[in-house]
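Quick note on our numbering: the sequence shown kicks off at 1 and runs consecutively.
It should be emphasised that the hints constitute simulated quantities derived from the structure, not laboratory data.
This structure is a prediction, so every number in the text was calculated from the model and none was measured.
Some hints could be false.
Stated by the list, open to error - Once the Cα atoms are required to be at most 30 Å apart in a straight line, the calculated DSS-like pairs of lysine-lysine come out as:
| no. | residue 1 | residue 2 |
| --- | --- | --- |
| 1 | LYS42 | LYS232 |
| 2 | LYS299 | LYS17 |
| 3 | LYS126 | LYS14 |
| 4 | LYS137 | LYS190 |
| 5 | LYS331 | LYS299 |
| 6 | LYS93 | LYS7 |
| 7 | LYS164 | LYS126 |
| 8 | LYS25 | LYS409 |
| 9 | LYS17 | LYS93 |
| 10 | LYS17 | LYS235 |
| 11 | LYS17 | LYS7 |
| 12 | LYS93 | LYS25 |
| 13 | LYS25 | LYS164 |
| 14 | LYS7 | LYS235 |
| 15 | LYS217 | LYS7 |
| 16 | LYS7 | LYS299 |
| 17 | LYS235 | LYS217 |
| 18 | LYS244 | LYS42 |
| 19 | LYS244 | LYS217 |
| 20 | LYS17 | LYS331 |
| 21 | LYS331 | LYS14 |
| 22 | LYS244 | LYS232 |
| 23 | LYS244 | LYS7 |
| 24 | LYS42 | LYS25 |
| 25 | LYS137 | LYS42 |
| 26 | LYS187 | LYS244 |
| 27 | LYS164 | LYS42 |
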Amino acid sequence: MRRDMVKAVVGDEKQLKLAENRLSKSGLPSQIGLVIGNLSWKLDRGFIFDLIPTPPNDDGEPACSIIGGVKDDRKKSSKGKSQTDSSALFIDKDWVAEHARQVGRMLLGGMKVVGIYAWTNESSFKNSTITLCQAAKAVAEATPLLEVDWDERLLLHIGYSPLKWTCRNCSLASNITSGSLRPCDFKMGKILSTRPALRCTYDFELRLPICQGSSRKRLADILHHGISIHAKELKGAKALIDGKLANEDEQFDLVGIHDVEFLLPFMEDKYLEVCSQKEVIGLLVFSGSVCSYAYSNSKEPASQALADIKEDIINSLRSRLDIMCDEADRKSDSKDDKTEDSSNQILSGSAVLQLDLRLQRKDCSLSFPRRVFLPWLADTFLCDYIQPSESVEVLEDHFAELMSTEFPKDSSKILEPEAEAPALVSTTTKSFQEVSTPYSLLPKSEDSLSKQNRAATCLVSDQKSTKPAGFNFMMAIFVLVVSIVVGVVLFVVRSS
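All chains should be built: construct the whole structure from the sequences, respecting the hints.
Below, the structure is given as structure tokens:
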């Protein structure tokens, strides 16, 4: 659903004043970064929570610099006007987009990368409108807004000499011109302190057929498809808020944190692709538990708050899978793409994501990252992901680089609701262990399928096993014989 541009933007005064003070003291002639916030089509407003500067690239070079003319209005001479007028911004769009992609993984429901900001002089900004719009478009492609099709992002300009804030809508049409920018009303106020929070521990189990003729062959491709299917199912789920059925039309003006449970309808696999019985060669079982948070606007209906936390659940699943795929790609590039083959013939490691499931005859084991929550602004959190065997300390450099803020020193404020990382055979824990398990769809394997551990990751071949069938047949004969004997005995007793 495509939406029109928002007409007004409100920024969190406390955070934006801190950013203003930081930029004023930095002495930098230019800087570019991400605008974190939310766009509400129901309220026709945009909200800005904070500004996150894009760090230097791998070569240590800034993501934004001024080229041509004098680089800083504050240092130009009275005769430098013509030089200043020719200055423009150079922006490493790919680097800014990559920064946005990684930051987007850390944002919870109701928080998004809604645009970019530029700290530069007035003339450089005016001479760089197309470049800035291109950067905003690259960021939008890296962090799409899934709930609605917003054909815009925000472009915030903080100018100096004199210090001035201006906000514009940047149209993301395919043909970007100087007319792609349109001004919008901008003011500051209290935002974050007035946002209620939703919290959910969501259990899921997806069962996806593996079809011989399907274009999705790799484990990663099938999981991506499965998550997309589940997103459609979850969208139609009813919700309980604090144990009561939610009225989605009512305004969600509750304060504090509220627990959410979802009731999924019986979908009868209507989103699955149609395969004939002969084409189905296996079944992929993908299950686990996701801990999720979302921050809502108290002036919006409950339906929007629930949509935000549903989106956070799906985004978390996708982020974990993307992290594993990135790891597999890095290993492949370094020629270290090896699956671990243990003595019990179980393949493990991120490389299994690249396997063609139709060709496998060994079990596979794959543990996905777990989610931790790090304190951020006011009473809000960010999230990040670590492997089951890792501790939160490994996130320190990553967090500081991406968010340009110190890692929380008080470990008691870091939430690890998915901290338990049991063995793959465990069935009692609530921690996140996603599973992907193809099985034979033959009737003989149905019993074993229902008994598989939901926290295991196995790739079972479609080799037929005759033992279960033989055992079931013998049991049936035994029960029949016993029934006949008992019947004869009862008949004789009654006759006598």
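**Prompt:** Any of the earlier hints contradicted here, and which numbers?
**Reply:** Checked against the structure, the hints that fail are numbers 5, 10, 15, 19, 20, 21, 23, 24, 26, while the rest are satisfied.
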